[in-house]
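Peer 1: Here is how the chains run, residue by residue.
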Amino acid sequence: MSLSIIKLPYLAQIEVLKQLELQELFLMSLCSEKSKKLVQTVNLKVEALKFSLNGEGIQVLVESNEHVHCVASMKLVQSVSRDDTSIKLGGSKFQYRCIEEPPTNYLSHTFQYIQSDEKIVFESIQHHMRTLFRDTPQVQLELSSIAALSKADVIKDVTDTIFSMETLETSVLENYLSTRQDQQSIQLKARLTWPLAGNSRLWHVKRLAVHGTFADLVNQILLGPSVVIPGIIRNFGGEHLCFTDVMYNIDSWRQLIRRWRAKEAYHDLRWFSTTSPAALPIIAGTALDEFNLVRWDGIRRPRTVKLDSKIVNFIMKGEIDCSSWMDIQQDGGGKWASIKMTDHSICFVVWD
Amino acid sequence: MTSPASSSEVKYLIESSEGNTFDVSGAALRQSNTFNAMFLNIGADGPIPFTDYNEATLKKVFEYCEHSVNEENYSGPKHQDDLSKWDLNFFNEMDQKMFIDVINASNFLDIERLTSYCCERIARMLRGKNTQEMIKVITLPTAEELEAKQKVEEKKAAAAKKVAEKAAETAEKTETLEELPVQQLVQTTRNKLTRKYLSFSNE
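Protein chains in written order, with UniProt numbering: chain P, 1 to 352; chain F, 1 to 203.
The hints are simulated quantities; they were obtained by calculation from the structure and are not laboratory data. Yeah, the Cβ is synthetic: ideal placement off N, Cα and C, and Gly gets one too. There's no promise every hint is true.
[To be verified] Now the in silico label distances, taken between C-beta atoms and shown as ranges: (1) P/HIS67 x F/GLU63: 35 to 41 Å; (2) F/VAL137 x P/VAL218: 50 to 56 Å; (3) P/LYS156 x F/LYS85: 49 to 55 Å; (4) P/LEU223 x F/VAL137: 55 to 61 Å; (5) P/PRO103 x F/ASN70: 35 to 41 Å; (6) F/THR51 x P/ILE14: 22 to 28 Å.
[What the hints assert, rightly or not] For lysine-lysine, the following DSBU-like pairs were computed, each having C-alpha atoms within a straight-line distance of at most 35 Å: (7) F/LYS85 x P/LYS119; (8) P/LYS93 x F/LYS149; (9) P/LYS37 x P/LYS75; (10) F/LYS161 x F/LYS97; (11) P/LYS36 x F/LYS97; (12) F/LYS149 x P/LYS45; (13) P/LYS93 x F/LYS85; (14) F/LYS149 x F/LYS166; (15) P/LYS151 x P/LYS88; (16) P/LYS34 x F/LYS11; (17) F/LYS162 x P/LYS34; (18) P/LYS88 x F/LYS166; (19) P/LYS34 x F/LYS156; (20) F/LYS161 x P/LYS34; (21) P/LYS88 x F/LYS97; (22) P/LYS88 x P/LYS34; (23) P/LYS37 x F/LYS149; (24) F/LYS85 x F/LYS136; (25) F/LYS97 x F/LYS11; (26) F/LYS162 x F/LYS151; (27) P/LYS37 x P/LYS7; (28) P/LYS37 x P/LYS18; (29) P/LYS37 x F/LYS136; (30) F/LYS97 x F/LYS162; (31) F/LYS97 x F/LYS85; (32) F/LYS162 x P/LYS93; (33) F/LYS136 x P/LYS45; (34) P/LYS151 x P/LYS206; (35) F/LYS151 x P/LYS75; (36) F/LYS166 x P/LYS93; (37) P/LYS75 x F/LYS155; (38) F/LYS129 x P/LYS119; (39) P/LYS88 x F/LYS161; (40) P/LYS18 x P/LYS156.
Build the full structure now, drawing on both the sequences and the hints.
Peer 2: In structure tokens, the structure reads:
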């Protein structure tokens with residue numbers, strides 16, 4: 001059965017669209033200008049648009065209501081036949097082939113394009129996605145290879161970048177930060193080849209996350225502790241610093257607390273956390289004794305902390321109960337902070 | 001309208017676009033928020049006119065309402081897989097025209113459950129489809145069709161403009177040829193002469 005959706009009452013049209021997945025809405029928005037406008041009337045609000053580049057194409061993910069949905073996937077191929085359909089995306093037309101994915105895949109369809117169209121595809125998909133949603137969502141970029149990095153120039157207004165590759169040359173990162181100076185957050189899921197300089201732009205990024213990789217762990221076991229991580233802890237000047245699955249160095253973060261307490265550094269720090277790899281529990285022993293931590297009295301600070309997912313999209317979401325966390329105050333009656341330490345994690349939150 | 005003791009047994013007369021009337025129970029009618037807002041409190045004298053919809057459509061809509069009288073209160077869209085055999089038969093036996101008419105009537109009567117199920121059914125038709133298949137399902141004009149349509153419209157507009165220009169030209173010519181009223185002609189000539197005299201005397 002086929003029917004004309006535009007002949008339905010407006011509310012019914014909207015109701016139909018509301019029952020579709022984001023991916024289906026995207027496909028529908030490609031059908032025609034009218035259907036695109038129809039999708040726009042749903043007035044969808046998303047927090048972030050994430051463009052994931054792996055050198056062989058682009059994937060678009062959308063963060064909405066604290067969930068990430070894969071919406072579109074465009075893959076680079078050697079050729080598409082002349083019989084393949086052309087598509088109008090973000091005002092540009094290009095030849096594509098639509099491939100139906102097996103039901104086990106998250107996306108029902110992927111689009112294939114050829115090398116000569118790549119720039120147009122990247123620009124158009126970005127433009128198209130932006131027009132589908134209301135307000136202006138954050139633009140995030142995930143780069144899975146150096147090849148992807150070289151193609152990423154066309155993605156504009158990026159405020160958050162994820163480097164998700166085995167190794168990342170420190171100079172490449174510095175160069176990236178100097179060309180994209182408005183980065184709000186950087187996530188490193190890559191092993192940095194060399195410690196960053198004391199004047200690195202990375203220290204001015206508000207949010208920094210470092211995820212340890214298996215290769216990194218093996219390297220550290222074989223060659224000794226990384227010098228990169230202590231350097232990051234020492235120099236970071238932003239608000240949120242987060243390490244996951246990183247070999248811990250208890251002296252580094254003890255130094256961090258000392259310098260914060262003495263108001264020597266970390267003036268903007270709001271959150272610091274680290275988790276160790278599963279096989280390497282944190283053995284802190286008496287590491288916290290020097291700080292004279294006190295129990296929460298129920299008055300001096302709130303019971304819970306909520307890290308806004310829009311701001312800190314890579315850290316814990318939802319409300320965190322800090323009632324059992326130990327408190328510490330800066331020298332001279334400054335800010336209060338709370339610390340929690342388990343076998344596998346250390347969390348430190350500074351209260352406003 | 002009869003009014004027995006129990007309100008659920010109250011029957012209302014509904015009038016369709018053909019002017020035909022038929023009975024619907026109060027319990028079924030109360031699923032319509034439009035009815036609740038318009039007639040529930042003030043009552044209805046005589047048949048309730050839903051004359052934008054034909055008898056077959058209204059009967060189909062109220063058949064659904066009568067059936068779902070005893071179902072629990074509506075709590076958001078239900079997945080098509082959860083629909084009962086009766087629900088599925090109800091939808092399957094409708095042709096496309098009836099289906100659209102039912103959605104329109106259900107939307108006007110504001111019967112949330114029925115509208116939502118109808119919309120879910122359309123959404124289901126779209127799931128897993130690529131753009132070309134979607135275009136077929138929802139009979140949207142393709143980009144090419146729209147382009148062709150736009151070209152035709154542009155041609156039509158250009159032709160209309162040409163005709164309008166020609167007409168204006170003809171009208172202008174006719175106007176100059178037409179005799180002006182004598183008084184106006186005298187006045188125009190007098191004005192011209194005055195202007196000439198003034199320019200002459202200034203020199």
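Peer 1: All hints, please: hold or fail.
Peer 2: Evaluated hints:
no., hint, in the structure
1, P/HIS67 x F/GLU63: 35 to 41 Å, "holds, 39 Å"
2, F/VAL137 x P/VAL218: 50 to 56 Å, "holds, 52 Å"
3, P/LYS156 x F/LYS85: 49 to 55 Å, "holds, 53 Å"
4, P/LEU223 x F/VAL137: 55 to 61 Å, "holds, 59 Å"
5, P/PRO103 x F/ASN70: 35 to 41 Å, "holds, 37 Å"
6, F/THR51 x P/ILE14: 22 to 28 Å, "holds, 26 Å"
7, F/LYS85 x P/LYS119, "violated, 51 Å"
8, P/LYS93 x F/LYS149, "holds, 18 Å"
9, P/LYS37 x P/LYS75, "holds, 26 Å"
10, F/LYS161 x F/LYS97, "violated, 39 Å"
11, P/LYS36 x F/LYS97, "holds, 25 Å"
12, F/LYS149 x P/LYS45, "holds, 33 Å"
13, P/LYS93 x F/LYS85, "violated, 46 Å"
14, F/LYS149 x F/LYS166, "holds, 26 Å"
15, P/LYS151 x P/LYS88, "holds, 22 Å"
16, P/LYS34 x F/LYS11, "violated, 44 Å"
17, F/LYS162 x P/LYS34, "holds, 30 Å"
18, P/LYS88 x F/LYS166, "violated, 39 Å"
19, P/LYS34 x F/LYS156, "holds, 22 Å"
20, F/LYS161 x P/LYS34, "holds, 27 Å"
21, P/LYS88 x F/LYS97, "holds, 31 Å"
22, P/LYS88 x P/LYS34, "holds, 13 Å"
23, P/LYS37 x F/LYS149, "holds, 18 Å"
24, F/LYS85 x F/LYS136, "holds, 28 Å"
25, F/LYS97 x F/LYS11, "holds, 28 Å"
26, F/LYS162 x F/LYS151, "holds, 16 Å"
27, P/LYS37 x P/LYS7, "holds, 15 Å"
28, P/LYS37 x P/LYS18, "holds, 14 Å"
29, P/LYS37 x F/LYS136, "holds, 18 Å"
30, F/LYS97 x F/LYS162, "violated, 41 Å"
31, F/LYS97 x F/LYS85, "holds, 22 Å"
32, F/LYS162 x P/LYS93, "holds, 33 Å"
33, F/LYS136 x P/LYS45, "holds, 28 Å"
34, P/LYS151 x P/LYS206, "holds, 25 Å"
35, F/LYS151 x P/LYS75, "holds, 34 Å"
36, F/LYS166 x P/LYS93, "violated, 39 Å"
37, P/LYS75 x F/LYS155, "violated, 40 Å"
38, F/LYS129 x P/LYS119, "holds, 27 Å"
39, P/LYS88 x F/LYS161, "holds, 31 Å"
40, P/LYS18 x P/LYS156, "holds, 29 Å"
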